[in-house]
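Residue numbers (our numbering), protein chains in the order written: chain H, 1 to 318; chain R, 1 to 318; chain S, 1 to 318.
Misleading hints may appear alongside valid ones.
Keeping only pairs whose Cα atoms sit at most 25 angstroms apart, straight-line, the calculated PhoX-like set for lysine-lysine is [unchecked claim]:
id, chain 1, residue 1, chain 2, residue 2
1, S, K245, H, K245
2, H, K306, R, K245
3, S, K306, H, K245
4, S, K245, R, K317
Reference listing, derived: stretches of chain R covered by chain H, where coverage requires no fewer than 3 residues with Cβ under 8 angstroms from a Cβ of chain H [unchecked claim]:
id, segment
5, 166-178
6, 191-198
7, 243-255
In case anyone wonders, no lab produced these hints; they're calculated from the structure.
Ideal Cβ placement from N, Cα and C applies to all residues, glycine included.
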Amino acid sequence: MRKIVVAVGFALCTLLLGHAADGQPLRAAATGDRAGTPTADQQFKITRVTPEYWRVTIDHPPFNIFGPDSIPQLSTVIAQIERDPQLKVVVFDSAVPGFFLTHYDFTAPLDLTIRMAPGPTGLPPLPDMLVRLSRAPVVSIVQIRGRASGVGSELALASDMRFASREKAVLSQFEVGAGFVPGGGPMARLPRLVGRGRALEILLSGNDIPADLAERYGYVNRAVPEAELDHFVDALARRISTFDKQSIAEIKTLVNNVSLPTDGELAAEWRGFLASVQRPAAQQRIKMLLDIGLQRDPTVETNLAKYTGEVSNQAGKQ
Amino acid sequence: MRKIVVAVGFALCTLLLGHAADGQPLRAAATGDRAGTPTADQQFKITRVTPEYWRVTIDHPPFNIFGPDSIPQLSTVIAQIERDPQLKVVVFDSAVPGFFLTHYDFTAPLDLTIRMAPGPTGLPPLPDMLVRLSRAPVVSIVQIRGRASGVGSELALASDMRFASREKAVLSQFEVGAGFVPGGGPMARLPRLVGRGRALEILLSGNDIPADLAERYGYVNRAVPEAELDHFVDALARRISTFDKQSIAEIKTLVNNVSLPTDGELAAEWRGFLASVQRPAAQQRIKMLLDIGLQRDPTVETNLAKYTGEVSNQAGKQ
Amino acid sequence: MRKIVVAVGFALCTLLLGHAADGQPLRAAATGDRAGTPTADQQFKITRVTPEYWRVTIDHPPFNIFGPDSIPQLSTVIAQIERDPQLKVVVFDSAVPGFFLTHYDFTAPLDLTIRMAPGPTGLPPLPDMLVRLSRAPVVSIVQIRGRASGVGSELALASDMRFASREKAVLSQFEVGAGFVPGGGPMARLPRLVGRGRALEILLSGNDIPADLAERYGYVNRAVPEAELDHFVDALARRISTFDKQSIAEIKTLVNNVSLPTDGELAAEWRGFLASVQRPAAQQRIKMLLDIGLQRDPTVETNLAKYTGEVSNQAGKQ
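Hey, can you work out the whole structure from these sequences and the hints?
What follows is the structure, given as structure tokens:
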């Protein structure tokens with residue numbers, strides 16, 4: 001039943017987002033990246049600190065943008081996490097100053113995303129990967145330094161724990177400001193984590209949420225002073241890595257049973273994303289954002305809430 | 001099924017609360033107010049800041065008490081919010097110093113409330129209106145300055161976001177202190193928002209919750225310094241008013257799907273309210289509260305937790 | 001159906017935990033305690049402050065360890081709370097400095113626990129008692145001073161409200177650090193109270209959570225300064241004790257309907273505990289903890305997170 005619903009969602013998407021923006025290839029390597037064969041250009045680098053404790057470092061400068069080319073790479077990482085018999089804890093961090101992981105690549109043809117086959121859960125690739133991370137018998141921790149917007153926030157929300165640099169982390173679901181619906185689970189995950197009111201504020205304001213506010217809201221576990229963050233997360237991960245893997249997995253499963261969204265809820269979000277991102281309201285705003293420097297100008301990327309506000313204000317007047 | 005259950009709840013209520021208190025009409029205009037024909041004496045005033053952004057100002061001095069006469073007026077406002085094709089965001093605020101919106105009118109005959117026909121959802125009028133506000137394709141924000149007790153807290157909880165003056169806002173569900181069960185949704189909404197423990201504290205202590213504590217508990221999104229509250233809420237509302245209405249509505253629906261109570265849960269609360277408010281424990285306490293100045297003396301209204309404590313203490317000794 | 005599942009869980013448990021540790025009876029009175037006939041050696045002392053307000057003081061020095069002998073005693077207390085027609089509010093506190101209520105007795109033969117008949121809910125005794133406390137028509141408040149680890153945290157989570165000494169309270173679910181799965185409800189209760197991320201941190205780090213952090217996480221209602229805690233909790237309990245018992249019970253039931261775990265979720269946790277505690281990973285770590293002074297040396301008891309970390313680190317290397 002779920003697969004049918006998803007298939008219908010796919011069938012609706014015959015328009016291409018890319019058409020509006022195709023004239024603006026931003027980086028020479030971009031087309032090659034998108035081919036989906038992860039080779040030397042790994043955006044997600046695994047470091048095996050010990051057999052029980054890995055780090056996955058997101059390294060896709062200049063902004064850690066997530067695109068269709070990122071999907072098979074992250075999927076491969078998640079599959080390794082799921083299957084490794086010794087692994088107990090994995091920390092996601094970033095090698096790119098200012099950015100943990102940010103929004104979907106608006107210059108890539110949407111077609112590339114739509115045509116990807118569903119993952120093992122039957123969900124489309126992005127929600128599939130995030131669901132698998134939530135259910136893996138391994139503890140996932142995100143260490144957020146810089147911006148975690150859009151997909152970055154969604155990866156954080158699908159992980160088991162979130163620790164943010166008090167001085168350097170910013171989270172957001174900016175999508176409403178660009179005229180579309182987020183697709184990677186935040187409408188299902190945020191209300192369960194922070195309550196309906198704060199979830200609606202995050203999702204409907206599209207505002208940047210700095211680390212301290214994110215902690216007060218429960219969006220992250222804690223905001224940790226920048227100078228202590230590396231040590232804090234590393235010590236926690238090393239501690240967990242000495243525990244019994246079976247007990248970890250069983251505790252996590254019991255928590256998941258009462259706290260994870262259903263796959264149907266996540267499928268509905270993805271359909272909402274695909275339909276909305278192709279509507280004129282989104283196409284107009286995305287074009288305006290790209291025109292003023294999105295994916296090109298650090299000022300736009302680091303002030304996304306401000307610029308989505310400006311283009312929405314202009315869009316309404318046209 | 002739901003309608004049958006509600007009808008039974010209605011059938012139980014053949015006694016009138018008002019009889020005990022009928023001898024104390026508090027304001028000359030009160031009976032006229034209750035006639036239910038909103039004319040010049042509008043308790044809820046709509047200001048269309050822009051076609052996309054309205055403010056609804058609660059203006060029913062001296063205490064913004066909510067009575068049977070308020071119900072059709074608020075219902076008309078909610079219907080306009082639901083149907084307006086351009087509206088994207090509505091802010092509820094108060095024109096009465098010291099009071100956002102407070103408790104139900106204890107001097108009005110309960111009969112007036114009981115006889116009202118169910119609303120479009122099939123629920124009795126008050127829960128019906130609040131449910132419709134939660135489901136409307138429009139963002140609702142309450143800006144709380146002064147007391148939001150009883151119905152005021154329930155309107156706040158049914159809205160999408162809550163911002164409170166750090167210095168001047170107080171929330172409460174005082175009802176247990178007056179010997180009855182709240183009826184407008186807080187048992188269903190508070191545990192989902194603040195967790196079972198804090199919900200039970202709010203509901204079973206009947207204490208005043210000042211803005212800072214309300215923020216720590218998640219009862220409001222944020223406590224904002226008084227000097228910044230107007231600007232903060234206005235800027236947020238203006239920002240949202242530039243976004244795409246369809247995306248707003250879809251995001252809100254997806255959040256609602258995982259976070260709203262069922263109508264059955266809300267119907268059960270209303271039945272609990274109607275049955276309990278007619279029992280001797282409530283009738284005794286309400287009479288004592290009216291005798292010492294409730295609905296008449298600002299000292300009693302602004303220290304409601306203290307006076308419910310005092311009358312309960314006396315009631316237990318009689 | 002539920003009873004069958006529980007019976008299967010019981011049938012799995014033919015090994016005895018106690019065998020590894022049987023050579024270390026810690027206190028002369030311990031074996032007598034375990035006989036299950038509460039006489040002079042009451043671990044839970046009821047003080048009837050008024051007919052409406054009781055205190056239950058946990059008094060089982062030196063560490064307020066909870067064992068098979070504690071079960072019938074606490075069960076008797078819960079039964080009195082359930083049935084008393086006048087009682088409205090009960091406060092749990094401790095007479096033992098440094099400890100509210102801590103972990104299960106690792107020196108008692110597990111067999112004693114396994115053979116106990118299910119309680120009135122059909123659940124095994126510990127989850128049965130906790131469920132009954134959550135559902136009782138009486139307000140339960142825990143006043144936490146000292147450590148609330150394991151069963152202590154589980155009793156706190158099953159109670160209606162939790163207030164912790166800012167300076168002297170520490171909560172934890174340390175079990176993962178000893179190689180097993182908690183059994184008294186925290187996987188079902190914590191995610192609903194503090195969200196999935198903070199629940200997983202508490203449960204999978206096994207770390208001590210001091211009062212201030214517990215408040216920020218929502219693990220307790222509030223951290224109250226040590227000097228104010230007694231008065232704060234007593235005043236709240238006295239206030240509630242003057243309210244109408246039927247209204248209290250109805251409000252609590254309506255909250256319970258939307259916030260309590262199912263009995264099936266709790267049964268699954270108990271099965272997880274019983275199976276895991278008998279596996280080598282747990283037996284090895286528990287033996288190591290007892291060898292270094294658990295249940296004997298205050299240094300080990302008060303630094304449980306540190307010592308579970310140390311033995312897990314060693315266990316992994318053997």
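> Do three or more residues of the segment 243-255 of chain R come closer than 8 angstroms to chain H, measuring C-beta to C-beta?
Replying inline: holds (count 10)
> Hey, K245/S versus K245/H, does the alpha-carbon distance stay inside 25 angstroms?
Replying inline: violated (47 angstroms)
> Taking a Cβ-Cβ distance under 8 angstroms as contact, does the segment 191-198 of chain R have three or more residues in contact with chain H?
Replying inline: Coverage by chain H holds here, the residue count being 3 at a Cβ distance below 8 angstroms.
> Counting residues of the segment 166-178 of chain R with a beta carbon closer than 8 angstroms to any beta carbon of chain H, are there 3 or more?
Replying inline: violated (count 0)
>> Holds or violated: K245/S and K317/R, Cα atoms, limit 25 angstroms.
In response: Distance of about 14 angstroms is within 25 angstroms: holds.
> Given the hinted pair K306/H and K245/R, is their alpha-carbon gap at most 25 angstroms?
Replying inline: holds (19 angstroms)
> Within 25 angstroms, alpha carbon to alpha carbon, are K306/S and K245/H?
Replying inline: holds (19 angstroms)
Violated hints for the displayed structure, listed by number in ascending order: 1 and 5.
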